[in-house]
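Note that the protein sequences, when read in sequence, are chains P and C. With our numbering, the residue at position 194 of the first sequence is 199, and numbering never jumps. With our numbering, the residue at position 274 of the second sequence is 279, and numbering never jumps.
Since the hints were made in silico from the structure, they are not lab data. Misleading hints may appear alongside valid ones.
Because identical chains cannot be distinguished in the list, a pair is counted as satisfied if it fits within a single copy or across any two copies.
What the hints assert, rightly or not - Under the rule of at most 35 Å between Cα atoms (straight-line distance), these lysine-lysine pairs were calculated in the DSBU-like manner:
| id | residue 1 | residue 2 |
| --- | --- | --- |
| 1 | Lys233 | Lys75 |
| 2 | Lys201 | Lys271 |
| 3 | Lys233 | Lys271 |
| 4 | Lys271 | Lys78 |
| 5 | Lys237 | Lys271 |
| 6 | Lys75 | Lys237 |
Number of protein chains: 2
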Amino acid sequence: MTERIKRADVLFFDGTLFRDDEMIANGTGAKTGRRMGHMPIDGQDGQLRAIGAQRYHRLHPFHALLHGGKCTKGQVQAWALNRYYYQAMIPVKDASLIARCDDPALRREWRRRLVDHDGESEGDGGIARWLKLTDGVGLDRDYVVSLAGLLPATRFAVEAYVHFVRDKTMLEAVASSLTELFSPQIISERLEGMLKGYDFVSADTLAYFAKRPPLAQRDSDFALEYVKRHAKTPDAQQAVLKALEFKCDVLWAMLDALYHAYVAPKHIPPGAFVPEDGRRSG
Amino acid sequence: MTERIKRADVLFFDGTLFRDDEMIANGTGAKTGRRMGHMPIDGQDGQLRAIGAQRYHRLHPFHALLHGGKCTKGQVQAWALNRYYYQAMIPVKDASLIARCDDPALRREWRRRLVDHDGESEGDGGIARWLKLTDGVGLDRDYVVSLAGLLPATRFAVEAYVHFVRDKTMLEAVASSLTELFSPQIISERLEGMLKGYDFVSADTLAYFAKRPPLAQRDSDFALEYVKRHAKTPDAQQAVLKALEFKCDVLWAMLDALYHAYVAPKHIPPGAFVPEDGRRSG
Chain P
6 MTERIKRADV LFFDGTLFRD DEMIANGTGA KTGRRMGHMP IDGQDGQLRA
56 IGAQRYHRLH PFHALLHGGK CTKGQVQAWA LNRYYYQAMI PVKDASLIAR
106 CDDPALRREW RRRLVDHDGE SEGDGGIARW LKLTDGVGLD RDYVVSLAGL
156 LPATRFAVEA YVHFVRDKTM LEAVASSLTE LFSPQIISER LEGMLKGYDF
206 VSADTLAYFA KRPPLAQRDS DFALEYVKRH AKTPDAQQAV LKALEFKCDV
256 LWAMLDALYH AYVAPKHIPP GAFVPEDGRR SG
Chain C
6 MTERIKRADV LFFDGTLFRD DEMIANGTGA KTGRRMGHMP IDGQDGQLRA
56 IGAQRYHRLH PFHALLHGGK CTKGQVQAWA LNRYYYQAMI PVKDASLIAR
106 CDDPALRREW RRRLVDHDGE SEGDGGIARW LKLTDGVGLD RDYVVSLAGL
156 LPATRFAVEA YVHFVRDKTM LEAVASSLTE LFSPQIISER LEGMLKGYDF
206 VSADTLAYFA KRPPLAQRDS DFALEYVKRH AKTPDAQQAV LKALEFKCDV
256 LWAMLDALYH AYVAPKHIPP GAFVPEDGRR SG
């Protein structure tokens with residue numbers, strides 16, 4: 006069925022189970038969902054995984070270059086600089102979710118994400134570790150933090166994510182975080198590939214990535230459990246899938262903009278970062 | 006001074022006049038602003054014009070192709086399809102401004118923009134004329150209106166514009182419309198270039214553009230007058246310039262995304278429109 010979906014332009018769905026064996030497990034029936042022609046949402050081959058397999062930015066050509074050691078230092082700088090804005094806005098995104106939530110348990114759980122990114126004190130947390138990366142690749146920290154060289158398309162994509170979490174249903178807001186289901190693999194590829202591929206990065210520079218996988222695992226386990234509990238109708242389940250697609254689009258659009266400006270055709274928009282090794286002569 | 010600004014990475018400003026001869030005209034002094042080292046905001050060579058001359062999307066490489074008759078039909082389709090979303094959201098943007106405005110005179114004035122775009126009845130107005138363009142270049146109207154093939158980056162850029170108008174100060178919201186100061190020129194280049202360059206477009210297909218220049222002129226005259234009246238402090242004037250830069254970034258980012266997906270390197274993001282003449286074999 007996944008194959009048929011890949012070939013289709015339009016897809017009509019009439020509701021499904023969360024797990025293929027759900028009706029058996031809860032005693033409401035003897036059939037698996039797939040036997041009734043349903044695609045399960047969760048599970049190794051479920052629709053969430055299918056979206057990840059087709060649209061997660063691990064597949065983006067920029068990542069093939071970055072992880073394959075094929076980027077110039079200037080391209081790595083442009084990536085680190087632009088991705089900084091994403092990292093810097095994650096706590097704003099997460100606080101937007103907490104701010105609209107009337108469930109103390111969910112607020113407490115989601116608060117861990119603020120701690121992960123903002124840390125307990127100056128110099129601690131994910132954003133500070135990301136700045137070790139931008140330092141490590143030779144960017145001026147004040148310049149990075151000023152956002153002066155950011156690609157406008159990065160800004161628009163990241164802000165679209167923040168607005169999505171602020172304005173959509175709580176279910177969609179939680180579901181949009183589910184790209185973390187796929188992040189452990191890309192992070193290990195990145196760590197290994199970048200350490201091997203670039204003499205200007207060290208394990209210390211990449212400390213951000215070493216810390217992330219267990220946190221991403223914990224967060225995505227929680228978000229997946231939440232989505233399972235709350236997405237009971239076919240409409241709600243469709244909204245979950247659309248939210249994940251949206252988030253994949255955000256990550257993909259950031260890399261499209263990076264590729265266009267710094268790889269090919271190398272059209273850097275007015276005002277954006279110009280790498281030393283990317284300056285045109287004359 | 007414009008030359009010096011072009012070469013500078015950072016620019017410090019300490020306030021200025023709106024027009025170079027403002028102090029002479031209102032009797033507060035005998036010097037022109039420029040004699041005191043100030044750049045005027047308005048006027049042919051003012052800072053608003055300088056931003057237009059450097060960042061308005063007339064300069065974008067995609068427009069050189071489009072207006073020069075160098076696009077494939079599929080590229081023209083992709084442009085019309087993506088720009089449709091911008092057109093469709095303009096009344097939402099304008100209503101967002103009206104919705105936060107406590108001045109009936111400004112609301113009345115701005116309401117004209119709703120009439121221009123939404124028309125008086127079905128089939129009338131700018132959006133309907135834009136759909137004549139998408140029809141004319143051979144796109145299915147339901148597909149266009151569904152937004153199914155939109156580039157995510159187009160969506161993010163357009164929504165950034167709507168959010169800007171909704172969330173920033175009223176002065177910034179009005180100022181972000183000032184790209185219309187520069188639109189008559191690009192529209193006449195487009196009309197002439199596209200009629201000459203493509204056998205699949207007719208004057209009727211391009212009716213949208215024939216109607217726009219006097220409306221754009223009226224709207225930008227009003228917005229410029231408003232900005233002059235309300236941007237009295239250096240901070241407010243800087244905010245006006247930043248708002249215009251932001252809007253230029255929105256338009257530029259839309260064309261960057263189009264170029265990247267459909268011209269070079271032709272990386273169409275997952276789910277976006279694939280032109281007939283752009284389909285890869287196999």
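Hints versus structure:
1. Lys233 - Lys75: neither (40 Å within a copy, 51 Å between copies)
2. Lys201 - Lys271: Cα proximity of Lys201 and Lys271: in one copy and across copies (26 Å, 30 Å).
3. Lys233 - Lys271: neither (43 Å within a copy, 38 Å between copies)
4. Lys271 - Lys78: Classified as both: same-chain Cα gap 15 Å, cross-chain 24 Å, threshold 35 Å.
5. Lys237 - Lys271: Neither: 46 Å inside a chain and 40 Å across chains, both beyond 35 Å.
6. Lys75 - Lys237: For Lys75 and Lys237, neither the intra-copy (45 Å) nor the inter-copy (51 Å) Cα distance is at most 35 Å.
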